[in-house]
Amino acid sequence: MGLKGYIARRIIYTLILIWAIITVNFLIFNALPGSPIEAYIASLKGSRPEAFRRLAEHFGLNKSLHEKYLITLKNLITFDFGYSDNFGAPIIDVITRERLPNTLILMGTAEVITILIGMLLGVIVAYKRGGVLDTTIVTGSLLTYSVPIFFIAWLLITFFCLYLHWLPTSFAYPVTWIRNPPSNIIEIISGRIYHLILPTITLVIFSVGGWILLTRACILETITEDYVITARAKGLKERTVLYKHVLKNASLPIITNVALAFAGMVGGATITETLFNYKGMGRLIYDAIFLTGGGSDIPLLEAIFYILALCVVVANFLADLIYGVIDPRIKYD
Amino acid sequence: MSTRKQKISFTIKRIKNFWNQYKKSKRGLLGLAIIIFYSIVGIFAPVIATYAPIEPRIPTSEYPGSPGVKIATRLCKPFWYKYLPWIKRGLTNITETFYFYGNIMFGSAIIHFIPENQHPEGGLDFDKAAEFPNYMASSYKVLKLIEIKATPPDGKQLFFNISEWQVRGARLVLPNELVLPANKLLQMCTNATMFKMTYTTGADLVENMKIVKDHKFTTAKSYNEWNWASSSAEFNVQYDNKHGFTTPGREESGCLNITFTGEDTTSEDATIMLWKEFYYPYYQPPTDIFIHTSIYKTGSSTITLQLTFIHETEEFTVKTVDIAEPNKYNHIIASEFTQNSTILDSIFSTPGNYKFVVKLKIPAGTNTTIYLDYVDCLLYGNIFGWLGTDNAKVYPSDIFSTLVYGTRVSLIVGLLTAVFSTFIGLFLGLVSGYVGGIVDEAIMRFTDLLLVLPTLPLMIVLTVSMRATSGYISMWNIIIIITLFGWMGFARSVRSMVLSLRERAFVEAAKAAGGGRLHIINKHILPNVFALVYITLAMSVPSAIVIEASLSWLGLGDPRLASWGKILYDFNNSGVVTTKGLLDYWFWVFPACLAIATLAAAFVLVGYSLDEILNPRLRERR
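Residue numbers (this note's numbering), protein chains in the order written: chain A, 22 to 354; chain B, -1 to 620.
Since the hints were derived computationally from the structure, they do not count as laboratory data. Backbone N, C-alpha and C define an ideal beta-carbon position, used for all residues, glycine too. Hints may contain errors.
Examples of chain B residues toward chain A, derived with CB under 8 Å [unchecked claim]: (1) Arg25; (2) Leu27; (3) Leu447; (4) Gly553; (5) Ala595.
Selected chain B positions facing chain A (in silico; Cβ < 8 Å) [said to hold, decoys possible]: (6) Val450; (7) Pro452; (8) Val459; (9) Ala466; (10) Ser541; (11) Val544; (12) Ser548.
The calculated lysine-lysine pairs, modelled on DSS-like cross-linking and capped at a C-alpha distance of 27 Å, are [as the list claims (entries may be wrong)]: (13) Lys149(A) / Lys24(B); (14) Lys149(A) / Lys22(B); (15) Lys255(A) / Lys149(A); (16) Lys208(B) / Lys353(B); (17) Lys126(B) / Lys142(B); (18) Lys326(B) / Lys219(B); (19) Lys317(B) / Lys353(B); (20) Lys208(B) / Lys194(B); (21) Lys149(A) / Lys21(B).
Only chain A is shown next, with the shape it has when bound in the complex (with noise of 0.2 Å):
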């Protein structure tokens, strides 16, 4: 079987996952006893009855339960979460039309830099291994994994804006824009970027010590190989082992954690991004859970859960392929 093949069976397992997905969804929301999204419908009989009849029809509220998954199933293939009432629109517009592009603008500026940061410490710190740099940063990098995130995002709220009243403490974007929206691009880059600023550091702090210890761990993996020693033997330049050798077959862990970060991204942050106010899909998590008249909107949270699960699933295949294509190794059968 060659690479057509590999390709057809990952294809074949992913379509698996997004079913078994699916029915997870379903046993969370719908099947377990006492089911979140039933009672939530009930609870809006007698003070909604508008809302209560759509969501009932929608769900299949008083069908069978083969019924109900198969429901479930259409209404989750064709992205049809229905319509959420606490928002005042369909929960895809809900989710698509601001908080789905405010969280990639965030998670992307804050993975990227993540990312090339935590890899070029990772190598500088494998290629000065037992060094005090290599101690001290390997022992921060493991001291973030304890740091809650909250606790860096308010010391740098504390320091930054309150003390030196340089950054916004919320908000995508500055809160004059809801009114007058700005036309000039250079003002709507800066204005973001303004807002950007505590969020991103405070991603980058939380994730960066994550990658340092990756990076590191490919690479001292490689380094040992005796292939790395014969091209050393060889009389090769350092930069030549370091580039042909050794980041390059140290890099394939790396390529599937990157994807797999970029799939998280769609998820935001839900603590960074409830902490500055940001209004992303993290944001809509807290915002969905925490209503404000009390109570939780269900029939999003199942939505916004789908989503995300489906982006990781589908990043996962995407590393897979890359993988079958980049790695020689990988035997196709």
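Dock chain B against chain A, hints included.
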């Protein structure tokens, strides 16, 4: 028997060896020390923390008329703020600006003062101005007026004599009608005249004060605390050790005994004053007061009880109650004064000697015996405890106590989650690796599925749906949820280890010797996997601790438990965050954040050192 002894001594030797190796790692020792420290704090929490972590209250046995008295007012600062030299204490001068508007209506002059921040640029018409009061409402309590000057729009400045103005209720400054009637002021100033008022106010850090030392009258000495004076000679006050207020299980029965024998002699209402003198050292009024009195009287006549503060010649009555029902203890309470209420403002204006007075008025021509017990007055300040208090409305918590008790939750959640998830991972990994085939395939696909799903959103969703079904979230729900998503990585590593182990020669040999599956797993595979188990145990605690804190921070924690996450949640929802909260109340959240970070880091350090010792590949590399 001897083999067993040998075994034990061998184990001891191994542990010693391990410890000798572990000792060499400074990071490991630091981590271990931190964990031991937090464990001690957690175990001895009731000793270290002086108050209950949630809804602490002074128990009913202290003040029987109240279901429990708060320990402090909300949003107190830590007590050690009083040692910080840069915090302003004492008298300061403040200048505030108002705009004057006036008119003649039905022959009499009507004036209004508009605060600067509500006065629009370019002035406002008189109809609007009429909504404002006829006094200058100061933002702080006025101790002394220093200067009042007026600048009319045309620019000529006017200075007033301070005696032409008066301060009413500590915060209202208005012209003294006798010296400066409204129509005179109206002649002097045109509309939109700017008034600048400078006054002295006090800013201070006030500590809680308990006025009466022995408010239960437990010993005869307590009688000496009180002074008394009466309008007639028929009064007698003495200590009584029989008739105090008692509840079953409490033997103490001291009280004050007041007898009045005026049946035949008096023709006028008689009064008696009992007072306790105290020194109030602060320039700022207390944030709240709590007054409690238990009173018992004989005879059918109605007695009036008055609770009063006296400062020099001024008198402020807090509460007046008529006691009609005889032969029964009545509990009188005066409490919950809102901050900056006029009553607080006017009672405590300056440092000085004050009197807390219990005044009794007894109608003429009666004989009566009165017992007074549990007479106390608490003055609440604005500093309290090591880390201040939180924002709870009725019973604010001592943040330090919550922090100390929170150690338990974090340790329990972290450790239990680590143990459970490691166990699940170990079990599934072993089964998957050793049994193989379709079981392996099924377990690994399931693991993949869970690894693929976005963890934090999934945890949030699960917690919300658990909350939707059961009404609240308990600590166990959180443990289950974190465990559910904590085992996959470990199961994978165990599986791959088992896969390589089971092909090794010693396993083959054991098989050839007739060892069963369980025997081989137990004796040959498990011991080799166990190093990894220890490392994983240590390494999965931190993420559990951080996740628990994050969920609580989002409001998805157990609300009935004092945890570090709850401190963060309370702060986040207190409304002080968005303002300058973090600068003013950093002591509220940063200790909790630091505690989470250090405890989690300690486990990381321990795990890292274990990794160095137990992982042969790392050992070679060093």
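Verification of the hints:
1. Arg25: Interface hint status for Arg25(B): holds (7 Å vs cutoff 8 Å).
2. Leu27: violated, 14 Å
3. Leu447: For Leu447(B), the interface hint holds, since the closest Cβ of chain A sits about 5 Å away, which is under 8 Å.
4. Gly553: holds, 7 Å
5. Ala595: holds, 5 Å
6. Val450: holds, 5 Å
7. Pro452: holds, 4 Å
8. Val459: holds, 5 Å
9. Ala466: Holds, because the Cβ-Cβ distance from Ala466(B) to chain A comes to roughly 4 Å (cut-off 8 Å).
10. Ser541: holds, 7 Å
11. Val544: holds, 5 Å
12. Ser548: With a closest approach of 6 Å, the Ser548(B) hint holds.
13. Lys149(A) / Lys24(B): Holds, at about 21 Å.
14. Lys149(A) / Lys22(B): The given pair, whose Cα atoms are some 22 Å apart, holds under the 27 Å limit.
15. Lys255(A) / Lys149(A): holds, 22 Å
16. Lys208(B) / Lys353(B): holds, 13 Å
17. Lys126(B) / Lys142(B): violated, 31 Å
18. Lys326(B) / Lys219(B): Distance of about 25 Å is within 27 Å: holds.
19. Lys317(B) / Lys353(B): Cα-Cα ~15 Å, so holds.
20. Lys208(B) / Lys194(B): At roughly 40 Å apart (the allowed maximum being 27 Å), Lys194(B) and Lys208(B) break the hint.
21. Lys149(A) / Lys21(B): holds, 26 Å
The earlier numbered hints that this structure contradicts are 2, 17 and 20.
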